[in-house]
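**Student:** Residue strings, one per chain:
There are 2 protein chains.
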Amino acid sequence: MYQPLHQFKAEFFKALGHPLRLVILEQLVTGEKSVTDLQAALGVDQSSVSQQLAILRTRNIVDTRKDGTTVFYRLRDPLIAELLELARSIFNNHLIDTQAMLQQLATTDT
Amino acid sequence: MYQPLHQFKAEFFKALGHPLRLVILEQLVTGEKSVTDLQAALGVDQSSVSQQLAILRTRNIVDTRKDGTTVFYRLRDPLIAELLELARSIFNNHLIDTQAMLQQLATTDT
DNA sequence: ATCAAATATATAAATATTCATATATTTGAG
DNA sequence: CTCAAATATATGAATATTTATATATTTGAT
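Chains as they are written, first to last, in this note's numbering: chain A, 1 to 110; chain B, 111 to 220.
Please keep in mind that the hints were generated in silico from the structure rather than gathered at the bench.
In this text, a Cβ means the ideal position worked out from N, Cα and C, and glycines have one as well.
It is possible that some hints are incorrect.
[Said to hold, decoys possible] Covered by chain A, according to a simulated footprint, are these stretches of chain B (three or more residues, beta-carbon under 8 Å):
#, stretch
1, 126 to 132
2, 154 to 163
3, 182 to 196
[To be verified] Pairs of lysine-lysine, DSSO-like flavour, derived with a Cα cap of 27 Å:
#, chain 1, residue 1, chain 2, residue 2
4, A, Lys14, A, Lys33
5, B, Lys143, B, Lys176
6, A, Lys33, A, Lys66
7, B, Lys143, A, Lys14
8, B, Lys176, A, Lys14
9, B, Lys143, B, Lys124
10, A, Lys33, B, Lys124
[What the hints assert, rightly or not] With the Cβ distance kept under 10 Å, some of the chain B side facing chain A (calculated, not the full set):
#, residue
11, Met111
12, Ser199
13, Ile200
14, Phe201
All chains, please: the whole structure from these sequences, using the hints.
**Tutor:** Below you can see the structure in the form of structure tokens.
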């Protein structure tokens, strides 16, 4: 239906298009983390974290390393951190301009 | 349910997560285009283009300029072009590693 | 005022995603 | 071999997105 490459790129962005997955990736920007680490840091249950990690794995956005019974996740490519940082710049520049959004930003960290 | 900022960022990436919307954005990287321009360049019907443009507008990813009866669309922020370019680098680096994908790339342009 | 061109919106069926809950799997310790 | 810890997967109902088709709206020309 569409060119496979565009389909593929779309899948990549779709994988980033989820709040919990974004938070997970932000955690991974600072280095590899186990599922338990993420679960604790984000305050969500194990199953939800694993579910979203599975999606990031499928899309080749994260990589895993297994040590005993714990699995460590990391960004597959440091450029993904850059991408997230660039996205942050875009938000800061232009995209957030409704009053409601500004208000949210005033009380929330980036 | 989630922090509004993360929700907002997710919406941004979700908006990029669609093949036709990506192709539209790639067109806009080279400068502003009317709906008719896009329609012709992409070979899709008017309604589909407008529908997808509406989504990009809603998410503040594109901006419009009206001249008579034609509407010109452009990227809202040049950083969006950078983001797409960075995404391309990521694909070229790592993300495309299945045999099927390499095969597709060999016969398709980026 | 009417018409045609350009663009936008409405609708709804098909499809995909989300999210909570339950259950499996894998691994090392004892 | 059994158990518990850590992680993954299955399931399905609720919700959201996609996509095709039809219809509106807006604008400038005549």
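**Student:** Each hint should be assessed against the structure and marked as holding or not.
**Tutor:** Results for each hint:
1. 126 to 132: Per the Cβ count (7), the hint holds.
2. 154 to 163: Contact hint for the stretch 154 to 163 of chain B vs chain A: violated, 0 residues under 8 Å.
3. 182 to 196: holds (count 7)
4. A:Lys14 x A:Lys33: 23 Å, holds
5. B:Lys143 x B:Lys176: It holds: about 11 Å lies between the C-alpha atoms, which stays within 27 Å.
6. A:Lys33 x A:Lys66: The given pair, whose Cα atoms are some 11 Å apart, holds under the 27 Å limit.
7. B:Lys143 x A:Lys14: 25 Å, holds
8. B:Lys176 x A:Lys14: Distance of about 31 Å is beyond 27 Å: violated.
9. B:Lys143 x B:Lys124: 23 Å, holds
10. A:Lys33 x B:Lys124: With a Cα-Cα distance of about 25 Å, the restraint between Lys33 (chain A) and Lys124 (chain B) holds, given a limit of 27 Å.
11. Met111: 8 Å, holds
12. Ser199: OK, holds: Ser199 (chain B) within 10 Å of chain A, min 6 Å.
13. Ile200: 5 Å, holds
14. Phe201: 7 Å, holds
Hints 2, 8 from the list above are not met by this structure, while the remaining hints are.
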